[in-house]
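Peer 1: Spelled out from the first residue to the last, the chains are:
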Amino acid sequence: MPFFKDRNCYLKNYNLSLTDKIKGFNYKLLLLVCLAVFISIGTLYSAANGEWHPWADKQFMRFLLSLGALVFASMINLRLWMKYAYVIYGISFCLLVGVMLFGHVGMGAQRWLNLGFMNLQPSELMKISLVLALARYFHGATLAEIKSIRGLIVPVLLMAFPVALILEQPDLGTGLMLVFCSGAIFFLVGVQIWKFFLVGLGAVISVPILWTFLHEYQKKRVLTFLNPENDPLGSGYHIMQSKITLGSGGLFGKGFIQSTQSRLEFIPEKQTDFIFTLIAEEFGFLGATALILLFFIIILYCFYIGMISNNYFGKILATGLGVNFALYVFINIGMVTGLLPVVGVPLPLVSYGGTAMLTLFFGFGLVQSVYINKEMVIGRNGSIDDD
Amino acid sequence: MSAPWKYEKDRIFIRRLIALLGIFFLLILVLISRVFYLQILQGDRYRLLADKNRTSIRLTLPSRGNIFDRNGVKLAENKKNFQAVLIKEEALDIQQSLENFEKIISLDEDEKLRIQKEIKRKRPFMAIRIKDGLSFSEAAALHLNAPDLMGIHIEEDLIRSYPLKETNAHLIGYVSLMNDKDLEENPDNPLADLPGYRIGRTGLENSFEESLKGTPGIRKREVNAYGRSVRVLEETPALKGESLNLTIDTRLQEIALKALGKESGSAIVMDVNTGEILAMVSSPSYDTNIFTMPVPVKVWRSLIDNEKRPLQNKALTGTYSPGSIFKLVVALAALENKVIHPHKKFYCGGKITIGNHDFHCWKHGGHGMLDLEDALMHSCDVYFYEIAQQIGAEKIIEMAKRLGLGAPVEIGIKGEREGLLPTNEWKKKRFNDSWRTGDTVNLSIGQGFLTTTPMQLAFMTAQIANGGKKIKPHLIQGMGLNEAKSLGLKQSNLNLIKRGMNKVVNYEKGTAYRSRINVNGEKMAGKTASTQVRRISKKERAKGIIKQEDLPWKYRDHGIFAAFAPVQNPRFAIVVMIEHGGGGSSSAAPVAAKILAETLKLYPKQSKR
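Order-wise, the sequence lines are chains A and B. Each residue of the first sequence is one higher than the one before, counting from 1 in my numbering. Each residue of the second sequence is one higher than the one before, counting from 1 in my numbering.
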């Protein structure tokens, strides 16, 4: 196993040529990610009643663009990513502030920043930036620091500021994802378990206080989640219809483009957040399970790459991005199957939407970079030298 | 060189990574089992719900069955109706379209308010009714101006129409739109929710609602979540309601209504042998067509406030004291119970005294000695006071029941009144008082507690006229009795009564002599009745009775005349009832004579119906 190799066998001046990088690329992971996107395009084609327009064609263009971002991210030296981790985090944070000040209001929430050629969602960008920043921080932190309270101040603040801004937008889903993703990273680096219990306890106590800060529609969503059948024509309507769509698929499903529920507009945003129900309706339990397993394999790959990385930054980066991806999967599927409240988290790689796919691909590019540079040794402060 | 804490950091990371992977694996299992639960375990339930979602079953309105008279004249049919509807999503500027509409057809304030309300409430693709009952020319005008009326369409449907208007109002009844109360009362009527559905309210429209309304068609459509129709999956056409063929002769209806004129009353003509009702009118009448559209308040008030109660079917629901017509019952009861000899004479001195109370004959000074036939002819009260006391109230009431009084006749229209045959038990219950001789005396001339409907009197008269043959009066062809049964009355007794009735009309001293008829030798026999609607006090009687014409309308006597014709082998019975007409011989008998004469002309002896 690579991490048991003698570290001193590597050159201090570790630089790979372009051919090395292309050779070192993890094509299996790339293939799995692309497979998910092809499923997405097929489903969008079905959602539009067997038409490329209006979603499938656009999604394909975004796929090509995102693929470029992936390759770009993977070709950049991991050391460089580490060097600029805080800078990238800072830019993302500024964009978040920008969206708060000049943002575009859509769907009752202020989430987009119009850059002229595309609507940028800085909160999506922040998901990756935060992982980068935390990876950088924990790479440099000693175990003693990690286990101390003082050593956790910086990473907690790194997480808390963007979360506060995102909740202000308001975007409960993304805010929670950032919290859980950071929490998973804290767990991975070795923060004591009792601290998690303490925070959990604190959260339970502060729920009634936080409740008063929630927006009316967020409160309604949570209440609806608790008892959707109470109000089948109001907010519970989405969840009820979502379950009906999914449940009516049965074992084998109704067949490609044979959806009755989604096609007839029972499902709002069937091409975005609720796309899983459409797949489950058309391809049944078998199709839905296959898709979930595909997602799990992608998560496994990220974890595997994190495991074999020789540098701590790469470990945290790959695993953290894997966790981020996993959270998308858990929250989205949990929400459309009625296990979680509807918080507006898309199904990664599959839901129709530009920013999410672009940032996810960018994230997978970073994972590839970790894989390509898995044998690189990085010093505590990003230097070539070990201290 | 690597510091030892670095190895420790890696070791912890690997350990935690495996733990996290374990958690994620469990979460994946949770997701898969949740999907399994929804799709496999609950799959059937959700598939059912999905099907319900997908298809909407809409009923389509059947057209109502027609109603014909005995000669095939249409009394109720379905006419094309044009209505203007607005579909919001098809109009660029809804209010502008409405303004332009008003330039062509005016809308009143209530309607405008309703339309604005519906505009707010209804979904963009659903039709909002702007105005119903447009004429062809109005519809054409709207068509011409279609470019200015974006979103406004002319829809065509069928609406109930009564071409003969008020002629058959009470008989046919009318239909009208459903209101909230109807919806509550008809939870099982599948048509109730359809916007154009009109339910039978009164008359035959109400009584035969079930067979007239028809069977709704079913249109199964695929709909989306907003209820918008995507396509029609399946359609079963609506079935028209069954037609009704009546025994009524419209010509007689018109004659009867015209004969009643402005009076408040009713007239019934019945075939004495079959029980077929040839005419049944109630006056004043009204045009039933007004009810198919929402009735303007003004019109409604004028109908409700009219003291002659045009909306009431007086032939079936008017209950009156039968007056002297009841003497036929008393006479039959006396003869059948052999209380008197057919030629038994009594002396009428103008009054009799029972206890300390005087019972007067209508003729001041009395009729002298007379027998039953003459007593009927003169309608002598004292004669019947005398025999009634000998028969007893019980046997009189028994005879009344036998002849069809005191029970609904059930001609086929719901809501009929029964009238009242008073008995000892009834009086005890009602007044906590026992039956007295005075009550029997009052009963003998059809006054007091006793009430009957004109239909019951017609039924009775017909059964006396046909020689005691049991019949079933009916309005719908084929609803009569198949085999003739006897009431079990003695022919000679009936003949005596009929002779008395003949004398009433055709003898100079008879009370209805002035109304006698002769159509090709066929004459009529009958019995008059004038019933008081107020008590005449002793003081008043002493002063001399006020003439009917001098009394206010509502204090005048009711006039009733029951008759049959021809005298030999009777074919028709008639009852004419005129409220506050001022006496049977002067008000009801001439009307009956007119109607019966026309009936005999329309159905001469030779013709075999």
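Calculated from the structure, these hints are not laboratory results. Do not take every clue at face value.
Selected chain A positions facing chain B (Cβ under 10 angstroms, derived; list incomplete) [claimed, not checked]:
id, residue
1, L67
2, G68
3, F138
4, I244
5, E281
6, F285
7, A288
8, L300
9, G306
10, M307
11, I316
12, G322
13, V323
14, V329
Looking from chain A toward chain B, a few residues come up when the C-beta cut is under 10 angstroms (computed) [unchecked claim]:
id, residue
15, H53
16, P54
17, I88
18, G90
19, I91
20, L188
21, V189
22, I257
23, A326
24, G334
25, L339
Owing to the predicted nature of the structure, the values given are computational and were not obtained by experimental measurement. Virtual Cβ for every residue (Gly too), placed ideally from N, Cα, C.
Peer 1: Could you tell me which of the numbered hints above are not met by this structure, giving the numbers in increasing order?
Peer 2: 1, 2, 15, 16, 17, 18, 19, 22
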